[in-house]
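Participant: Chains W and F, in that order, are what the protein sequence lines are. Heads up: the first sequence is residues 1 to 219, going by my numbering. Heads up: the second sequence is residues 1 to 219, going by my numbering.
In case anyone wonders, no lab produced these hints; they're calculated from the structure. One thing to keep in mind: the hints can contain errors.
Which copy? The list can't say, so a pair holds if one copy fits it or any two copies do.
Said to hold, decoys possible - Subject to a maximum C-alpha distance of 16 Å in a straight line, what follows is the list of computed EDC-like cross-link-like pairs (lysine to aspartate or glutamate):
1. K193 <-> D37
2. K149 <-> D165
3. K193 <-> D142
All values reported here derive from a predicted model rather than from experimental measurement.
Residues per chain are reported as follows:
Number of protein chains: 2
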Amino acid sequence: MTTSALPALSDIEDRTIPGVLRIENSDREATAPIIMDRLRSVYPHDQIFGMFCPVQDYIAVPPRELYAYLADPRSLEEWSYGMRGFAETDQPGLWVAADRLVPDTEIYIRTVANPDAMTVDYHCAWDQGEHLWMVYLMRVIDAQVVLNKPGSVVTWINCHHPFYDENPYPETAPPGREEWVGDLWEMFSAGHKLELGNLKAIAEYRASHGLPITPDWMR
Amino acid sequence: MTTSALPALSDIEDRTIPGVLRIENSDREATAPIIMDRLRSVYPHDQIFGMFCPVQDYIAVPPRELYAYLADPRSLEEWSYGMRGFAETDQPGLWVAADRLVPDTEIYIRTVANPDAMTVDYHCAWDQGEHLWMVYLMRVIDAQVVLNKPGSVVTWINCHHPFYDENPYPETAPPGREEWVGDLWEMFSAGHKLELGNLKAIAEYRASHGLPITPDWMR
Numbered sequence: 001m002t003t004s005a006l007p008a009l010s011d012i013e014d015r016t017i018p019g020v021l022r023i024e025n026s027d028r029e030a031t032a033p034i035i036m037d038r039l040r041s042v043y044p045h046d047q048i049f050g051m052f053c054p055v056q057d058y059i060a061v062p063p064r065e066l067y068a069y070l071a072d073p074r075s076l077e078e079w080s081y082g083m084r085g086f087a088e089t090d091q092p093g094l095w096v097a098a099d100r101l102v103p104d105t106e107i108y109i110r111t112v113a114n115p116d117a118m119t120v121d122y123h124c125a126w127d128q129g130e131h132l133w134m135v136y137l138m139r140v141i142d143a144q145v146v147l148n149k150p151g152s153v154v155t156w157i158n159c160h161h162p163f164y165d166e167n168p169y170p171e172t173a174p175p176g177r178e179e180w181v182g183d184l185w186e187m188f189s190a191g192h193k194l195e196l197g198n199l200k201a202i203a204e205y206r207a208s209h210g211l212p213i214t215p216d217w218m219r
Numbered sequence: 001m002t003t004s005a006l007p008a009l010s011d012i013e014d015r016t017i018p019g020v021l022r023i024e025n026s027d028r029e030a031t032a033p034i035i036m037d038r039l040r041s042v043y044p045h046d047q048i049f050g051m052f053c054p055v056q057d058y059i060a061v062p063p064r065e066l067y068a069y070l071a072d073p074r075s076l077e078e079w080s081y082g083m084r085g086f087a088e089t090d091q092p093g094l095w096v097a098a099d100r101l102v103p104d105t106e107i108y109i110r111t112v113a114n115p116d117a118m119t120v121d122y123h124c125a126w127d128q129g130e131h132l133w134m135v136y137l138m139r140v141i142d143a144q145v146v147l148n149k150p151g152s153v154v155t156w157i158n159c160h161h162p163f164y165d166e167n168p169y170p171e172t173a174p175p176g177r178e179e180w181v182g183d184l185w186e187m188f189s190a191g192h193k194l195e196l197g198n199l200k201a202i203a204e205y206r207a208s209h210g211l212p213i214t215p216d217w218m219r
């Protein structure tokens with residue numbers, strides 16, 4: 001090992017920023033108890049799923065095929081719990097479906113997918129398609145690279161947008177609807193795991209039965 | 001709402017796959033107790049951080065600037081706990097540094113970044129640069145989109161690659177080293193949060209002091 005340290009933080013006075021723990025100012029002996037103090041045998045729900053809602057799973061399906069399936073918003077007609085009747089609006093790329101979780105509720109969706117990074121972001125909103133603030137950030141990863149076996153890892157995260165706490169566009173809601181999507185935030189972790197389980201079961205069923213992951217009706 | 005359901009799962013016999021819960025075969029009344037049963041007031045460490053290690057945070061820095069900083073592996077010289085002395089090897093894009101967590105240990109790193117998706121993947125390994133199996137998957141997200149405020153959300157996930165459990169290339173380890181990187185997997189959640197906290201503190205310090213996020217020495 002012949003490399004020498006680079007001028008890290010050389011633009012900062014004394015190279016010191018409060019709260020930064022680096023081996024130079026906090027050696028391993030000093031840092032170990034800090035780390036141990038932050039580990040818990042159990043973590044409260046809100047600490048893990050309060051501000052962000054990350055779920056992930058391994059799916060035994062080739063990553064390219066799984067990505068292509070997810071990148072079509074109509075895949076949600078299959079693996080989501082209750083989004084049904086996807087139809088493209090008169091704005092290209094903006095889709096609408098019924099969110100059958102609640103009566104008379106439309107969900108608008110625009111998919112932003114990147115084939116190189118294999119990210120699939122569903123930008124959604126209940127009731128209106130002008131401001132798509134509910135964002136489902138997903139990514140397909142080649143499991144060969146990260147788990148040393150064929151298949152895919154799928155990551156999915158939602159962020160706790162303040163509109164979950166209060167509907168910013170109440171005038172677009174159907175009359176008399178009592179529920180708001182954000183009332184369900186506390187259940188998102190379990191609900192999203194259920195839906196990720198659907199995705200896994202559907203995709204693995206097709207892969208193991210020689211069926212194309214993206215079914216003919218979506219082509 | 002005039003859309004009608006699409007032919008979901010029409011390639012599957014009886015449109016039925018074991019384990020798939022959709023509103024058609026499990027209505028909200030039937031599904032609610034399943035969801036509630038999967039929610040907990042607390043979750044064991046291994047359930048949350050055993051197979052995957054997701055951490056994330058909000059950082060009050062413009063996303064494009066934060067992405068550009070992260071996309072340069074030398075940023076780790078600053079915000080990582082102990083990777084120091086980054087130098088490019090004779091293979092373009094493959095860097096080596098000392099992982100000062102343990103004596104005499106080199107870490108090899110190749111960064112795969114996508115400016116459109118703002119993903120930054122650090123493909124790493126201790127001791128050798130031929131098989132980069134430790135993969136740090138990061139992503140910068142525009143907080144305006146997902147949290148309705150300026151700044152960035154950074155997500156970071158590692159997958160529990162089997163090599164964490166057993167060093168596949170022991171012949172490349174320095175003689176006498178007793179520790180293996182995978183011995184630390186149980187502490188990754190706290191360790192990565194510590195490092196993400198470093199990233200946040202450094203980037204926010206620069207942003208709030210009018211300094212460029214990527215310092216001159218990295219340019």
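Participant: If a hint holds in the structure, say so; if it doesn't, say that too.
Facilitator: So, going through the hints one by one against the coordinates:
1. Taking the shortest Cα distances, K193 and D37 sit within 16 Å of each other only across copies (13 Å), while inside one copy they are farther apart (29 Å).
2. With identical chains, the CA atoms of K149 and D165 are at most 16 Å apart between copies only, with a shortest distance of 15 Å across copies and 41 Å within one.
3. When the C-alpha separation of K193 and D142 is checked against a cutoff of 16 Å, the pair qualifies neither within a copy, at 20 Å, nor between copies, at 25 Å.
Consistency note: the structure conflicts with earlier hint 3 alone.
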